[in-house]
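Colleague: Knowing the structure of chain A, use the given hints to seat chains B and C on it.
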Amino acid sequence: MIKSKKFINFILQEGGIGLVLLILIAVFSIAAPRFATVTNFSNIMQQISINTAISVGMTYVILLGGIDLSVGSSLALATILAGKAITNPNLPVGVAIASACLAAVGISMLAGLFNGFVSVRWKIHSFIVTLGMLNMARGAALQISGSRTIFAFPAVFNRFGTMTFFSVIPSIFIIAFVLMVIGHIILRYTVFGRMIYAIGNNEEAVRLSGHNTGIYKISAFVFCGFTVGVAAIMYMLRLNIASPILGVGFELNAIAATVIGGTSMSGGKGSMIGTFLGACIIGVLNNGLLIIGLDDNARQMVTGFIIVFAVVLDTYREKLAKTQKE
Amino acid sequence: MKKFTRVLSVLLVVAVVLGSAGAVLAQDKKPVVGVVLKSLANEFFKTLQEGAEKWAEEDGRYELNIKGMNSETDIDTQLTIMDTFISLGVDMIVLAPADSSALVPSVVKAQQAGIPVVNFDVRLDADQLKAAGLEDFMFVGPDNEEGAYLAGMALAEKLGEGGKVFIIEGNPGADNAIARKAGFDKAVAEGKLELLESSTAHWETEEANTLVANLLTAYPDVQGIMCANDSMVLGAQKAVEAAGRDDILLVGFDNIAAVQELIKEGKVLATVDQFGAEMVQMAIEVGQRVIDGELEPVGWEKTPVELITIEDLE
Amino acid sequence: MNDEPILKLEHVTKAFPGVVALHDVSMAIQRGEVHILVGQNGAGKSSLVKLLTGIYFPDGGEMFFEGEPYAPKSTFDAFQKGIRVVHQEFNLLPYLSIAENIFLEKLPANHGFVDYGKLYRDAEEALKLVGFNIDPRTRVEMLGVAQMQLVEIAKAVFHNSKVLIMDEPTATLTSKEIQTLFGIIETLKRRGVTIIYISHRLQEIYEIGDRVTVLRNGEYVATEPLSSLTVNDLVKLMVGRDIGVAYPFDAEAALGETVLKVENLQVQGGKHPVSFSVRKGEILGISGLVGSGRTETVRALFGADRSAGGQIYLHGRQVQIRSPKDAVRHGLSLLTEDRKSQGVILDMNIAVNMTLADLAKVSKNGFLQQQTETNEANRLVEETGTKTPSVEQVVRNLSGGNQQKVVLGKWLFRDAEVLIFDEPTRGIDVGARYEIYLLLWKLARMGKAIVVVSSDLDELIGISHRMLIFSDGKITGELDRDAFDQEKILSYAYEEYIR
Chain A
1 MIKSKKFINF
11 ILQEGGIGLV
21 LLILIAVFSI
31 AAPRFATVTN
41 FSNIMQQISI
51 NTAISVGMTY
61 VILLGGIDLS
71 VGSSLALATI
81 LAGKAITNPN
91 LPVGVAIASA
101 CLAAVGISML
111 AGLFNGFVSV
121 RWKIHSFIVT
131 LGMLNMARGA
141 ALQISGSRTI
151 FAFPAVFNRF
161 GTMTFFSVIP
171 SIFIIAFVLM
181 VIGHIILRYT
191 VFGRMIYAIG
201 NNEEAVRLSG
211 HNTGIYKISA
221 FVFCGFTVGV
231 AAIMYMLRLN
241 IASPILGVGF
251 ELNAIAATVI
261 GGTSMSGGKG
271 SMIGTFLGAC
281 IIGVLNNGLL
291 IIGLDDNARQ
301 MVTGFIIVFA
311 VVLDTYREKL
321 AKTQKE
Chain B
1001 MKKFTRVLSV
1011 LLVVAVVLGS
1021 AGAVLAQDKK
1031 PVVGVVLKSL
1041 ANEFFKTLQE
1051 GAEKWAEEDG
1061 RYELNIKGMN
1071 SETDIDTQLT
1081 IMDTFISLGV
1091 DMIVLAPADS
1101 SALVPSVVKA
1111 QQAGIPVVNF
1121 DVRLDADQLK
1131 AAGLEDFMFV
1141 GPDNEEGAYL
1151 AGMALAEKLG
1161 EGGKVFIIEG
1171 NPGADNAIAR
1181 KAGFDKAVAE
1191 GKLELLESST
1201 AHWETEEANT
1211 LVANLLTAYP
1221 DVQGIMCAND
1231 SMVLGAQKAV
1241 EAAGRDDILL
1251 VGFDNIAAVQ
1261 ELIKEGKVLA
1271 TVDQFGAEMV
1281 QMAIEVGQRV
1291 IDGELEPVGW
1301 EKTPVELITI
1311 EDLE
Chain C
2001 MNDEPILKLE
2011 HVTKAFPGVV
2021 ALHDVSMAIQ
2031 RGEVHILVGQ
2041 NGAGKSSLVK
2051 LLTGIYFPDG
2061 GEMFFEGEPY
2071 APKSTFDAFQ
2081 KGIRVVHQEF
2091 NLLPYLSIAE
2101 NIFLEKLPAN
2111 HGFVDYGKLY
2121 RDAEEALKLV
2131 GFNIDPRTRV
2141 EMLGVAQMQL
2151 VEIAKAVFHN
2161 SKVLIMDEPT
2171 ATLTSKEIQT
2181 LFGIIETLKR
2191 RGVTIIYISH
2201 RLQEIYEIGD
2211 RVTVLRNGEY
2221 VATEPLSSLT
2231 VNDLVKLMVG
2241 RDIGVAYPFD
2251 AEAALGETVL
2261 KVENLQVQGG
2271 KHPVSFSVRK
2281 GEILGISGLV
2291 GSGRTETVRA
2301 LFGADRSAGG
2311 QIYLHGRQVQ
2321 IRSPKDAVRH
2331 GLSLLTEDRK
2341 SQGVILDMNI
2351 AVNMTLADLA
2361 KVSKNGFLQQ
2371 QTETNEANRL
2381 VEETGTKTPS
2391 VEQVVRNLSG
2401 GNQQKVVLGK
2411 WLFRDAEVLI
2421 FDEPTRGIDV
2431 GARYEIYLLL
2441 WKLARMGKAI
2451 VVVSSDLDEL
2461 IGISHRMLIF
2471 SDGKITGELD
2481 RDAFDQEKIL
2491 SYAYEEYIR
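Protein chains in written order, with my numbering: chain A, 1 to 326; chain B, 1001 to 1314; chain C, 2001 to 2499.
Don't take every hint at face value.
Listed next, the stretches of chain A that the computed footprint assigns to chain B, with coverage defined by at least 3 CB atoms under 8 Å from CB atoms of chain B [stated by the list, open to error]:
{"id": "1", "segment": "30 to 37"}
{"id": "2", "segment": "293 to 306"}
Each computed BS3-like pair below joins lysine-lysine, with the alpha-carbon atoms no more than 30 Å apart [to be verified]:
{"id": "3", "chain 1": "B", "residue 1": "1054", "chain 2": "A", "residue 2": "84"}
{"id": "4", "chain 1": "C", "residue 1": "2340", "chain 2": "A", "residue 2": "269"}
{"id": "5", "chain 1": "C", "residue 1": "2361", "chain 2": "C", "residue 2": "2325"}
{"id": "6", "chain 1": "A", "residue 1": "319", "chain 2": "C", "residue 2": "2073"}
One-sided excerpt, in silico: chain B residues whose CB lies under 8 Å from chain A [to be verified]:
{"id": "7", "residue": "1046"}
{"id": "8", "residue": "1172"}
{"id": "9", "residue": "1210"}
{"id": "10", "residue": "1215"}
{"id": "11", "residue": "1217"}
{"id": "12", "residue": "1234"}
{"id": "13", "residue": "1241"}
{"id": "14", "residue": "1256"}
{"id": "15", "residue": "1261"}
Simulated from the structure, these hints should not be mistaken for lab results.
The C-beta atom is built at its ideal place from N, Cα and C for all residues, glycine as well.
The shape of chain A in the complex, shown without the other chains (with noise of 0.2 Å):
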């Protein structure tokens, strides 16, 4: 009995999420055959791209007790920023989609920017701030397209949008894991990663051990528009389009993939490994439960139980650690 509750309590606290998606996995391939196929999870690692790329930089804003609801909406302009570069007849197929990549992340760098600046120096809480910027990006990306649609890519580029490596593994998805093991490295392995945990969990001690909170907390906002960037050049491999109305919602699946993964909304405490599974079990769910044949409005109201659902694990676990140390 003792024995069996340990070991519960161990799987709760160090593999919680990393189980679920395990369950998961083993029920759709029992309820569906076509969901174990290589094909199939070729599809999910496709469709979980573009929101671990997110995830990876809203994972640094909410580690810092901070949220980014800009997201989408940056995404949106990014790409119209970079649908314009790539289809400049007047440049080379080259320098086109190398300016296309830089627009990309240096406006939603710069709107990471505004978001963080904002939010440190005027002391008005992200929510707020980046709200503002979720609807001046739209604006923005609604003004500088003219609310068009863009589209005739390079074919080379669009080529390499639907490339897959072993024919298994999607370009964007090897893109998308770069960008989450760096992540990853970044916060576990620096200086930087260490200030972002210590002032999630207590900012007034760091700032009092001689250190600029309000850097840390600007440049992770940046970080996070970076990997926006990135994340608006992979919707245009995976789409071949670029449009003002696209990425709504997005900051939703991201917070929620974010949040699924462990990583506290009130900071401090979460991991990179976390959000790259909470953004699994995302996409796991919205492919399996088509694949068994589930409704519209069956699967809205199963992917949000289990959303509520691993919340109230994280803080389970959390209770957990917390009584076992006492």
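Modeller: Only chains B and C this time, still in chain A's reference frame:
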């Protein structure tokens, strides 16, 4: 968010008043038509707006005052725009309502103020109108069901009896989404197609891409996909392409530029044009005929819908 | 007048882990008197108030109210029985009206709807009782401090409180407002309300008080009519004896040159600029009542709060300190009063906490060298005598004394030259305190300049070379070790409050 939109609407009203006052002063001879659109963020309405402006310029009979909002569900802003047009005393209002019920009181108010209102694009709720004393209020607009039926039949003819298809729906509950779904269903029945699955992708490209990719896993034997708008066709087509399936036929609705390209390349079978660029013009002309007493303001004045295939684009 | 006391305490004891807040206290309050409560910081006044109002529950002993056993279960319970506190920080809701605040506990209602007519009539009545002429519809945020206090008092009086406890009611009032308050106290007294009045201001209590009770180190000392005691007698009663902790003090250690010199440092909102200096190897004690400006001064010095002016010299060279970052760069460190919320990161491990102030030493090109960090943390754990199974231990799981050692370790790692300690032994048990004192002395011998702010006078007398005494934002006294004397220090500490 609420507050933000409120501030926006106030600014908008000021803009409308100033703009219209200026227009009235500048050329007070022409009748002024207030045009209330839905989301100017939507490519379709953008086309509609630009088409209307171009026509007004060339035609020269009317002064147009075109207003819309930035999101399709922002009913508050539309109500404020209606009020503003009424107090400005424009000569006619053409309205594409964001909500088929919520705008009815505004329409009644305008009619009582002696301003004829032409309802286009989305039809106002019949029961609501009846309750307000406007039985069988005239509607000018495309037959979404007919359009979807045309696209569905184009697909059915290619596939033949027993062809297996998906329907990718628009926003659940939206009037045009419901009508287009009905049109597709009718084509499925008439063409004796087999409907494998009907799901929503909320009009969105990325969502349609994910949905279709997953549906292809569940039903690899699918032969055709009907999408309720062209944005979703873009996502669906990428999913089909990524799956290496060049045997699946797609049809859409809206005739946007990006899909025209795909039709030319043979990657999409057909789409439907509802002549958005001319819709405001048609609404105003119908309104003029009512004012001139040539037409009873009842029933449905259908605007044309037309199937677009590769032959139309070459 | 009824001779039976309205409130009686018999052998009341209240202890917290490591500290006895009240020990065997017996006292009586007479009906209708203004009873003054005095004592140094930590004498047990606030604990007593919390027992009376149902926030704390006694560990031993009994209380009687109007002859009946009295054991309030909550503040609301105490309030219903007739005992109420007017707090230093008011419990008013700023965005509600005066009337709503007065009747918050029980709004007059009619079928679930607030009866505003009755509410405002009653509120007007209540305000009249304290002679406060204002529209009860006014929102509380519009009021000044003195007016808020009147609302609190009106609230207490209208609900027929029999005993009204006032905790430092004059702390933020102007002298004119104080006179108004005293007038109201007189009126209340005539209406038969009993008042327990807590104050540091030894002069003003003579204007209104009938009797005074002195507490010291959680123990009852005496209750006397005020007319029979002078201010000096009171101070003498408040002075504590040595509680038996040994203080390591090395009189032989030589002091070096002046390291830190502060000139005319002006605390934001403070009344007086302060100047002082510390030498190498010296422990400078800073004494004074809570709120006398001790903490504010060291925080401003460290850049934790913005200062309003003044010069700071390190080794004779003027430096600019605008933030803790500047302070740390110049070799200053601050161990804050509130350890848990400002000193340590509770949910991170010892190694992370100890290296926090100097991450450059454990990293290369921005990457943390985890082995170096662990080694360094182990060294610091040993140096500070932190008791822990490993440096991976989360700080939350350590005792208060060990947490304090972790903070100390952080500043040792940074190699700070000037160490400022604000209440270094608060909430730490006697055994661990001694270890902290030893560490302080070790640091002094290493040539650090040390500033210790403390409410514990015995502690400061035990460990300091020199002592500054703050009173109402001003340095009122400076004593060398051989001139340390409890009575003298207390009279300096109360100097500005007696005036």
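Colleague: Hint by hint, say whether it matches the structure.
Modeller: These are the hints, each one checked on the structure:
1. Residue count for the segment 30 to 37 of chain A with a Cβ under 8 Å from a Cβ of chain B: 4. That meets the three needed, and the coverage hint holds.
2. Coverage of the segment 293 to 306 of chain A by chain B holds [criterion: at least 3 residues with CB-CB distance below 8 Å; count 3].
3. Proposed proximity of residue 1054 of chain B and residue 84 of chain A is supported: the alpha carbons are some 25 Å apart, at most 30 Å.
4. A threshold of 30 Å between alpha carbons decides the hint, and for residue 2340 of chain C with residue 269 of chain A the separation of about 18 Å falls inside it, so the pair holds.
5. Proposed proximity of residue 2361 of chain C and residue 2325 of chain C is supported: the alpha carbons are some 16 Å apart, at most 30 Å.
6. At roughly 29 Å between alpha-carbon atoms, residue 319 of chain A and residue 2073 of chain C fall within 30 Å of each other, so this suggested pair holds.
7. The beta carbon of residue 1046 of chain B is positioned within 8 Å of a beta carbon in chain A (closest approach about 4 Å), and the interface hint is therefore held.
8. Hint status for residue 1172 of chain B: holds, given a least beta-carbon distance of 7 Å to chain A, under 8 Å.
9. The interface hint given for residue 1210 of chain B is met, as the beta carbon of that residue sits about 5 Å from the closest beta carbon of chain A, less than 8 Å.
10. About 7 Å separates the beta-carbon of residue 1215 of chain B from the nearest beta-carbon of chain A, less than 8 Å, and the hint is met.
11. The interface hint given for residue 1217 of chain B holds, since its Cβ lies 5 Å from the closest Cβ of chain A, which is under the 8 Å cut-off.
12. Of the supplied interface hints, the one on residue 1234 of chain B holds, with its beta-carbon coming within about 6 Å of a beta-carbon of chain A, less than 8 Å.
13. For residue 1241 of chain B, the interface hint holds, since its Cβ comes within 8 Å of a Cβ in chain A; the closest pair sits about 7 Å apart.
14. Among the interface hints, the one on residue 1256 of chain B holds; its C-beta lies about 7 Å from the nearest C-beta in chain A, closer than the 8 Å criterion.
15. The closest approach between the C-beta of residue 1261 of chain B and any C-beta of chain A is roughly 6 Å, which is under the 8 Å cut-off, so the hint is satisfied.
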